[in-house]
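Given the sequences, and given the hints that come with them, work out the whole structure.
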Amino acid sequence: MLIRERLRLVGLLTPVTLIIGLFFLAPLAIMAVYSLLEPGLYGGVEWSFYPDNFGRVLGWADGTNEDFDPVYLEIILRSFKLAALTVLATLALCYPAAFWVARQPERMRNFCLFLITLPFFTSLIVRLYAWLLILRPSGFINTTLLALGIHSPVELIYTETAVLIGMTYIFIPFMFMPVYASVEKLDKRLLEASADLGASRWQSFWKVIFPLTLPGIAAGSIIVFIPSLGNFIVPSLLGGARVLMIGSLVEQQFLAARNWPFGAALAMLLMAAVLVCLVLYVLAQGRNSAQEASR
Amino acid sequence: MNALLARLGRRLLGGYSLAFFVFLYLPIGLIVAYSFNSNPINMMIWDGFSLDWYRSLFGLSTNLSENALYVESTDQLLAALRTSLVVALTTTAISTVIGTLTALALARYRFRLQKFYRVLLFMPMLMPDIVLGIALLIFFVGAGMPLGKGSIIIGHCTFLISYVFLIVSARLAGMDTRLEEASADLGASPWTTFRRVTLPQILPGVIGGALLAFIISMDDLVITYFIAGVDSTTLPVFIYGMIRRGIKPEINAIATLLLIASLLIAALGLYLRNRKPATSKDDAHG
Amino acid sequence: MTAFTHTAPVVEIRGAVKHYRAPEGHLVRALDGLDLAVGANEFVTLLGPSGCGKTTLLRTISGFERLDGGDLLIQGQSMNHVPPHRRPVHTVFQSYALFPHMSIGDNVGYALDVRGVAKAEKRQRVGQALEMVGLAGMERRKPGQLSGGQQQRVALARAIVDRPALLLLDEPLSALDRQLRQAMQRELKNLQHELGIAFVFVTHDQEEALTMSDRIVVLNGGHIQQIGAPAEIYHRPANAFVAGFIGESNLFDVHVGSVDDGIAYLLDSGGDLLQACHPDLHVGQHAQLMLRPEQFHLHCPGEGFAALEGCLEQLLFIGKDFELLLRTSHGRLVKAVLRDAAPQRLRTGDNVQLWYGLQAAHLIPGGA
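Protein chains in written order, with the numbering used here: chain A, 1 to 295; chain B, 1 to 286; chain C, 1 to 368.
No lab work stands behind these hints: they were computed from the structure.
For clarity, every value in this text was computed on a predicted model and none was experimentally measured.
From the three backbone atoms N, C-alpha and C, an ideal C-beta is built for every residue, glycine too.
Keep in mind that a hint or two might mislead.
Interface residues of chain B toward chain C, partial, derived using beta-carbon atoms under 10 angstroms [stated by the list, open to error]:
| # | residue |
| --- | --- |
| 1 | ASP75 |
| 2 | ALA79 |
| 3 | ARG178 |
| 4 | ALA184 |
| 5 | THR192 |
| 6 | VAL197 |
Here are the in silico distance ranges between beta carbons for each label pair [as the list claims (entries may be wrong)]:
| # | chain 1 | residue 1 | chain 2 | residue 2 | range |
| --- | --- | --- | --- | --- | --- |
| 7 | B | TYR109 | A | ASN110 | 34 to 40 angstroms |
| 8 | C | GLN145 | A | LEU7 | 39 to 45 angstroms |
| 9 | B | ALA261 | A | ARG109 | 25 to 31 angstroms |
| 10 | C | GLY25 | B | ALA3 | 56 to 62 angstroms |
| 11 | A | ALA257 | B | LEU268 | 27 to 33 angstroms |
| 12 | A | LEU115 | C | GLN145 | 32 to 38 angstroms |
| 13 | B | ALA173 | A | PRO137 | 50 to 56 angstroms |
| 14 | C | GLY25 | B | VAL86 | 39 to 45 angstroms |
| 15 | B | LEU4 | A | GLN203 | 17 to 23 angstroms |
| 16 | B | LEU268 | C | GLU187 | 45 to 51 angstroms |
| 17 | A | GLU155 | B | TRP46 | 22 to 28 angstroms |
| 18 | B | GLY241 | A | LEU148 | 15 to 21 angstroms |
| 19 | C | GLU194 | B | TYR109 | 39 to 45 angstroms |
| 20 | B | LEU268 | A | LEU7 | 35 to 41 angstroms |
Right, dumping it as structure tokens:
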């Protein structure tokens, strides 16, 4: 490449390199360092190597604080559980709908897609607030039940169910798009071939349709799982103090407890979990395309 | 029998899908409905149509009695809105320009670090917001930077550049590169070629990216929450605070207004995206 | 390689080398040490099969490919460090590459716009250019509204509006149907005369090359096989490749058995006997002889002719001629194209003689 061209290229890439280097990579690196530092007495940090942050996360005592206390471990496990359940819930809800939408004539299809992606563009806080209104003791559900004559209010708010409902609601558009993309690509003739070879509808579904939609399901799952895992808004609004997730913990450590190293350690664990998911996903993709190639 | 089952199945699927869409929009519909409910005590019980909550939002007088007035100072609300807009507009401008430049670099030049940059640009989108938020907080505090509009703008740009990059890249990939060659062939310098040929072709992508950046920036809560500092609040953070302090009917009004704004912008974005670009072989025959 | 006119050449290429790495990993020489000079108002055609390097050579001149070795001079100035947009050369692309978001007028006027020419002058010159290509008055339309042939003319007008020193045309007629193509060939030739500038035209269609060119450059594998006027290329191909690529030919690998009284008696590798009068043929020599199908006659026209004998394998009526395939007793197929009325009475299997002039055969240098 000519020098002239190379200069131009460098010019084009400098802004993004600076911004991502300085405001993304550097902060993450510093956070990694912080996770290994000792928390200062009044907030802030002591610059000494302190590996116990990670131990604390898993519940081990660090000499100065509590004895083995799995409370943090509980929170972490709950986060994984809720994230996984969110994936399942969004998948269960979106999968049939994707098939129905794929069936519609083009105009209707585009309209439906528009309807489904529209909430994504509306304010997150508004959408969660709506569920707060619905699930509160004096909220929509209970008021309706009351009107129907049922006098025992259902306790929905500030439970894991509420958080699950909230996250499912938020992440439906994220799951729908990849799943729909792979459903739309299905070739009707494959179904015909399957029937021709003697498979029942049910068998055709499990042996032909479902495997072909797996890429979309996998993509959607990753897109939903990762933000669900680290979410803190939904548990904050709909879970209250009773349902804490990793995100809530991190917020606490940074804004209330002022134990930044511990919070950083939690964030590192979150990042590690995300990376593991991505690696697994990429490996699965690789295996999938290798299978395709070998056929 | 099989055909009957099939038809039943199809009916069920249709019915389910209807329920699906209702589920998606019922919560939103409730907010809108109740923003007009004049009941100041229990907003779930319909007491008649009223614009009071909207009025109190803007500091106008309402029909409510003195002690029914819950609203925070309108000034705070408007200040939050103003901050959000300033941040969003600045962020959109910066990230659109940088995102477009980066997309051009990776699409039109071949160099050794190409793959590395692609991965690098993907990372901010994959990282959970909370990790980004606290990392930036640690960074700003450690570097001694004041937390305010500037820090929010920086934080937003960091991941919005990636979004714009993705959208503009897609657009560039679909473009006929021979048009740029023709332009150079006819004597246009690289800058002129970009201005007169490339940019008009990718403009829908650039605008789409800008709109997306604007919406995401306006709506961002988590990252802003950590790096906004004490003096600046954006609209989502303000509303979040309001909700945390207690449910008030004014929130319904704000929410409805926000919904309408988002609806308009989203509709605009989708309209722009569906307008197909002009191609030279459109109606060519023979 | 002499220039066509006696004025200085507008393009000079010396020792051009260009290589790239194939996906399999080995190095491919797209251009292998080429020398070429194009005169100031010549119509030169680069002709060859796919992958021969003709498009690479063209793009080297326009600046979109950079040479790995050798020199390129345009109007006497070295272009090795000059980017495409600063060369006095314009290209008519194979896919036209019209700007879809601009009107025809803006497309054609683009080169002028870019140089800051005044609006009034631009309008006048655009009008002129469009008139030259037969599209007067189309300024307001958009490319999407035009047919393929019309788009091609717009591409042409766009490239000539500012009178470049040289026009490059990259297989511009390949997308057109046969009749339109032939009409455009004539128009292009006329246009070139009218403009008085050099045209470098790339094609794989040898008929096209023969029709339009002042000189043809035949390329294969990155090497120039032959440069010359169409007649020379056709009647006196420099090697077997050119002989085979241009027109149809019967090639004979022969061994000179004896030379008697000026006539060489040749034995073809298949066993057939040929005769030729050629000063360069000596006893014991190996050579390649070419006889074009139209050089044969069904009956002996007189003195100085010899014949190939054989069995009539196929007789085809192709409009203005008859195409005849003869199989010799040694199994060799010979193709002849005849105008005589006599063929109508022939049938497959008949014994036939094909007569050729002793001095008609062309000796290909280098031999077998």
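Results of checking the hints against the structure:
Nearest Cβ of chain C to the Cβ of ASP75 of chain B: about 47 angstroms, over the 10 angstroms cut. The hint is violated. The restraint placing ALA79 of chain B at the interface with chain C is violated, with a minimum CB-CB distance near 43 angstroms, outside the 10 angstroms limit. At its closest, the beta carbon of ARG178 of chain B sits 4 angstroms from a beta carbon of chain C; the interface hint therefore holds under the 10 angstroms criterion. At its closest, the beta carbon of ALA184 of chain B sits 4 angstroms from a beta carbon of chain C; the interface hint therefore holds under the 10 angstroms criterion.
A least Cβ separation of about 6 angstroms between THR192 of chain B and chain C falls short of the 10 angstroms threshold, and the interface hint therefore holds. At its closest, the beta carbon of VAL197 of chain B sits 6 angstroms from a beta carbon of chain C; the interface hint therefore holds under the 10 angstroms criterion. Range check, TYR109 of chain B to ASN110 of chain A: Cβ separation about 36 angstroms, and the 34 to 40 angstroms hint holds. Distance hint check for GLN145 of chain C and LEU7 of chain A: the Cβ-Cβ separation is about 41 angstroms, which falls inside the suggested range of 39 to 45 angstroms.
Separation of ALA261 of chain B from ARG109 of chain A is about 27 angstroms and conforms to the stated range, judged on CB atoms against 25 to 31 angstroms. In this structure the supplied range 56 to 62 angstroms holds for GLY25 of chain C paired with ALA3 of chain B, their Cβ-Cβ distance being about 59 angstroms. Taking 27 to 33 angstroms as the suggested C-beta distance range, the pair ALA257 of chain A and LEU268 of chain B does not conform, at roughly 44 angstroms. Roughly 36 angstroms separates the CB atoms of LEU115 of chain A and GLN145 of chain C, a value that falls within the hinted 32 to 38 angstroms.
Look at ALA173 of chain B against PRO137 of chain A: about 53 angstroms separates their beta carbons, and that is inside 50 to 56 angstroms. Checked against the hint of 39 to 45 angstroms, the pair GLY25 of chain C and VAL86 of chain B fails, with Cβ atoms roughly 55 angstroms apart. The hinted range of 17 to 23 angstroms is satisfied by LEU4 of chain B and GLN203 of chain A, whose Cβ atoms lie roughly 20 angstroms apart. For the hinted restraint 45 to 51 angstroms between LEU268 of chain B and GLU187 of chain C, the CB-CB distance of approximately 48 angstroms keeps it satisfied.
At about 24 angstroms, the beta-carbon gap between GLU155 of chain A and TRP46 of chain B stays in the expected band of 22 to 28 angstroms. Distance hint check for GLY241 of chain B and LEU148 of chain A: the Cβ-Cβ separation is about 35 angstroms, which falls outside the suggested range of 15 to 21 angstroms. With their beta carbons about 41 angstroms apart, GLU194 of chain C and TYR109 of chain B fall inside the hinted range of 39 to 45 angstroms. For the pair LEU268 of chain B and LEU7 of chain A, the supplied restraint of 35 to 41 angstroms holds, since their beta-carbon distance comes to about 38 angstroms.
Going through the hint list in order, the structure does not satisfy hints 1, 2, 11, 14, 18.
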